[in-house]
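Trainee: One line per chain: the protein sequences are V and S, in this order.
Counted the way full-length UniProt numbering counts, the first sequence spans residues 1 to 416.
Counted the way full-length UniProt numbering counts, the second sequence spans residues 1 to 416.
Keep in mind the hints are simulated off the structure, nothing from the lab.
Be aware that a few hints might be false.
[Claimed, not checked] Partial chain S-side listing against chain V, Cβ under 10 Å, derived:
hint, residue
1, 103
2, 110
3, 194
4, 205
5, 214
6, 220
7, 243
8, 244
9, 357
10, 366
Even glycine gets a Cβ: it sits at the ideal position worked out from N, Cα and C.
Protein chains: 2
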Amino acid sequence: MVSYMETLGSRAKAASREAVTFTTEEKNRGLLSVAEELCQNTNTILLENEKDIQAAEENGMKSALLDRLRLTKQRIQDMAKGLKEIAVLDDPVGEVLSMKNRPNGLRIGKRRVPIGVVGVIYESRPNVTADAFGLCFKTGNAVILRGGSDAINSNKAIVHAVKEGLRKEKLSQDLILLVEDTDRGTVYEMMKLHNYIDVLIPRGGAGLISSVVENSTVPVIETGTGNCHIYVDEWADLNMAVDIIENAKSQRMGVCNACESLVIHESVARQVIPMIVNRLKLHQVEIRGDEKACTFSEDITAAEEEDWGTEYLDAVISIRVVDSFEAAVEHINTYNTGHSEAIITENYKNALRFQDEIDAAAVYVNASTRFTDGFEFGFGAEIGISTQKLHARGPMGLEALTTYKYIIFGNGQIRE
Amino acid sequence: MVSYMETLGSRAKAASREAVTFTTEEKNRGLLSVAEELCQNTNTILLENEKDIQAAEENGMKSALLDRLRLTKQRIQDMAKGLKEIAVLDDPVGEVLSMKNRPNGLRIGKRRVPIGVVGVIYESRPNVTADAFGLCFKTGNAVILRGGSDAINSNKAIVHAVKEGLRKEKLSQDLILLVEDTDRGTVYEMMKLHNYIDVLIPRGGAGLISSVVENSTVPVIETGTGNCHIYVDEWADLNMAVDIIENAKSQRMGVCNACESLVIHESVARQVIPMIVNRLKLHQVEIRGDEKACTFSEDITAAEEEDWGTEYLDAVISIRVVDSFEAAVEHINTYNTGHSEAIITENYKNALRFQDEIDAAAVYVNASTRFTDGFEFGFGAEIGISTQKLHARGPMGLEALTTYKYIIFGNGQIRE
Numbered sequence: 001m002v003s004y005m006e007t008l009g010s011r012a013k014a015a016s017r018e019a020v021t022f023t024t025e026e027k028n029r030g031l032l033s034v035a036e037e038l039c040q041n042t043n044t045i046l047l048e049n050e051k052d053i054q055a056a057e058e059n060g061m062k063s064a065l066l067d068r069l070r071l072t073k074q075r076i077q078d079m080a081k082g083l084k085e086i087a088v089l090d091d092p093v094g095e096v097l098s099m100k101n102r103p104n105g106l107r108i109g110k111r112r113v114p115i116g117v118v119g120v121i122y123e124s125r126p127n128v129t130a131d132a133f134g135l136c137f138k139t140g141n142a143v144i145l146r147g148g149s150d151a152i153n154s155n156k157a158i159v160h161a162v163k164e165g166l167r168k169e170k171l172s173q174d175l176i177l178l179v180e181d182t183d184r185g186t187v188y189e190m191m192k193l194h195n196y197i198d199v200l201i202p203r204g205g206a207g208l209i210s211s212v213v214e215n216s217t218v219p220v221i222e223t224g225t226g227n228c229h230i231y232v233d234e235w236a237d238l239n240m241a242v243d244i245i246e247n248a249k250s251q252r253m254g255v256c257n258a259c260e261s262l263v264i265h266e267s268v269a270r271q272v273i274p275m276i277v278n279r280l281k282l283h284q285v286e287i288r289g290d291e292k293a294c295t296f297s298e299d300i301t302a303a304e305e306e307d308w309g310t311e312y313l314d315a316v317i318s319i320r321v322v323d324s325f326e327a328a329v330e331h332i333n334t335y336n337t338g339h340s341e342a343i344i345t346e347n348y349k350n351a352l353r354f355q356d357e358i359d360a361a362a363v364y365v366n367a368s369t370r371f372t373d374g375f376e377f378g379f380g381a382e383i384g385i386s387t388q389k390l391h392a393r394g395p396m397g398l399e400a401l402t403t404y405k406y407i408i409f410g411n412g413q414i415r416e
Numbered sequence: 001m002v003s004y005m006e007t008l009g010s011r012a013k014a015a016s017r018e019a020v021t022f023t024t025e026e027k028n029r030g031l032l033s034v035a036e037e038l039c040q041n042t043n044t045i046l047l048e049n050e051k052d053i054q055a056a057e058e059n060g061m062k063s064a065l066l067d068r069l070r071l072t073k074q075r076i077q078d079m080a081k082g083l084k085e086i087a088v089l090d091d092p093v094g095e096v097l098s099m100k101n102r103p104n105g106l107r108i109g110k111r112r113v114p115i116g117v118v119g120v121i122y123e124s125r126p127n128v129t130a131d132a133f134g135l136c137f138k139t140g141n142a143v144i145l146r147g148g149s150d151a152i153n154s155n156k157a158i159v160h161a162v163k164e165g166l167r168k169e170k171l172s173q174d175l176i177l178l179v180e181d182t183d184r185g186t187v188y189e190m191m192k193l194h195n196y197i198d199v200l201i202p203r204g205g206a207g208l209i210s211s212v213v214e215n216s217t218v219p220v221i222e223t224g225t226g227n228c229h230i231y232v233d234e235w236a237d238l239n240m241a242v243d244i245i246e247n248a249k250s251q252r253m254g255v256c257n258a259c260e261s262l263v264i265h266e267s268v269a270r271q272v273i274p275m276i277v278n279r280l281k282l283h284q285v286e287i288r289g290d291e292k293a294c295t296f297s298e299d300i301t302a303a304e305e306e307d308w309g310t311e312y313l314d315a316v317i318s319i320r321v322v323d324s325f326e327a328a329v330e331h332i333n334t335y336n337t338g339h340s341e342a343i344i345t346e347n348y349k350n351a352l353r354f355q356d357e358i359d360a361a362a363v364y365v366n367a368s369t370r371f372t373d374g375f376e377f378g379f380g381a382e383i384g385i386s387t388q389k390l391h392a393r394g395p396m397g398l399e400a401l402t403t404y405k406y407i408i409f410g411n412g413q414i415r416e
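Please construct the entire structure, taking both the sequences and the accompanying hints into account.
Mentor: See below:
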């Protein structure tokens, strides 16, 4: 007996085989057609979304989550706009990254190709449905989407519109497949579908991500957890430090590249900590510090050990005072999640050492951690920010959704 | 309580932090020092290996496996030579793959860096111990090695010599850590050590690899399974086809890039199948074919369904006759393991289509599949041949043991 999920897997695999032969022009036409259908289907999508909203309200969903779930005409137009923007991006597929002649005359090239079938497991943000499709489709992949059960009606309506857009361009509708059975069991089955799914990308909270990492036999790309630090070095421009810290903490609190913890060299702590405290008070940020930090301001409460490892995603920040550059690096490498880390310094050697020694996707000198983002890095839309080291690290744009194959041109070569 | 494996993990992580700062010169000196120590310790290593051999003989180990386990003076010299060859290879670490200025003045570079801690799980080939160390060390990684229990004395002696070589160059001896407790439980614990180990590479048979894929929460790179096909197209040069098939099947039978299955276009089947059969008979190769193939030679026995998916690693090959190019692609994409696939054709369009449509790490036109190998591709020594699509595909040389980080140079930038 072939299960529901295996059927989806096998349909996606077949569709992905077709997609490897699409030209960039075909893919761009597909994206524009889908964008058009999303706009055409606005009313249906809104009606279906309303069902999800009502059910969520009845289940007592919190307003912040309700807001993520809710679609509006504007949000649907933004989805369509997102797809049009992806159509404009360069197509990475087909690029030959290198090609060499071997002594025996073999010509060996390394060509960028689609991954095949991408699985995305996410929570109740229906806009991910269109975004993830757009990025996977532009790179010649099929996508299997498993969104939260709270958003199932919205997701079905969006996927229906996407399929309609594909159909009108005579492209396989199996390039997007929604797991409509949102039973918990289907997620676990999806995580074991390594014969069909080439990579699984979880998008959501830490709980979702660790469950996927623990259970999946499909290769996973971990995304999104950011316990980001800013280290104010002995040689920092203190005014710059305060401006950057304010930005990194308060410009948007609930995002993965927001700053969650400060590390301050003790030689500048007495001067800079009160400046930081005053600035962050403007944004109602609660500050938790180690023993030394607390001695520099009455507005700092004592941090517990678990504070150092916490991604608050909220108006809270921790402060640790260290007696050396080395201690700062040690602290950050112990507690960071491999996302974005910054040093504020005017010292040449420390700037370079920080970039060498800190183990993270993005290591900044004298800039806000908030820049770790596909658009800010110039890649365009992203499917997530990878915090692991294999395959892709940092913002994952189109290239992260490709792999390569070796293409070898011979004329009868055999191995001696 | 910190477990034995966690202690190893934490020591490896600490050593890997030191290794990111090593210069190429330091690493090359380390490799030469270790090579020297291996030679100096030849007698001890041989004595310890003899213990393993005796125990294996008492346990009735087969002679082919005994041969893999056995070390000789020559084999130890070859290990040392391998390390010297790695010293000569270009160091990929530190290369800035791209660097761009953003409109706000941020300079964002993508720099190649070590992965961190590499775990290798392998069977009873003690030479893997030195090879894996050499590749990981050259790329600034620490390595945790878990070899087969049959080789434990040999591995201890080799690791002792490696550590001695590191010590003499004042480099951390924790850059190589051997799991000395070869209890089955330590392997499973190793597979769950994702807080310390950044990537796990299993090297061995299909059973070992699938057990690691099923159980590991550490990202895994699958290696080595090769159900490789050669497709003889309607437009093939048949003499070339027979030469290449002979080479790919018989030049070395037990290796992952050997050819295991032939797909023949029916318009040339009558002519080429007897030629192939005659040539392969010279090497005592058993041939199993589908119904059509059997009609062209009495030396072909009937293949079962399971033959199409079998990597024989032996003097056996299967033959399938197809009625079109498309059917050949379909057959190969259904049964191949993503390793190496070849077409023999003089037809331009079919050659390019085959390279486009076949999903495998290495896709050949008119050459033997036996070339999929780090040395043949010009990368030097390899840590394995990846058959998955994430991170690294095909022969994995030094670059596959690196990741990248974004290094960002600012002068006070904050996000609007």
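Trainee: Would you mind marking each hint as holding or not holding in the structure?
Mentor: These are the hints, each one checked on the structure:
1. 103: Holds, about 9 Å.
2. 110: 8 Å, holds
3. 194: At 7 Å from the nearest chain V Cβ, residue 194 of chain S passes the 10 Å test, so the hint holds.
4. 205: The hint is violated - residue 205 of chain S has no Cβ within 10 Å of chain V, the shortest such distance being about 18 Å.
5. 214: Hint holds; residue 214 of chain S Cβ to chain V Cβ min 6 Å, cut 10 Å.
6. 220: With a closest approach of 7 Å, the residue 220 of chain S hint holds.
7. 243: 6 Å, holds
8. 244: 6 Å, holds
9. 357: 6 Å, holds
10. 366: 4 Å, holds
Taken one by one, the earlier hints fail for this structure only at number 4.
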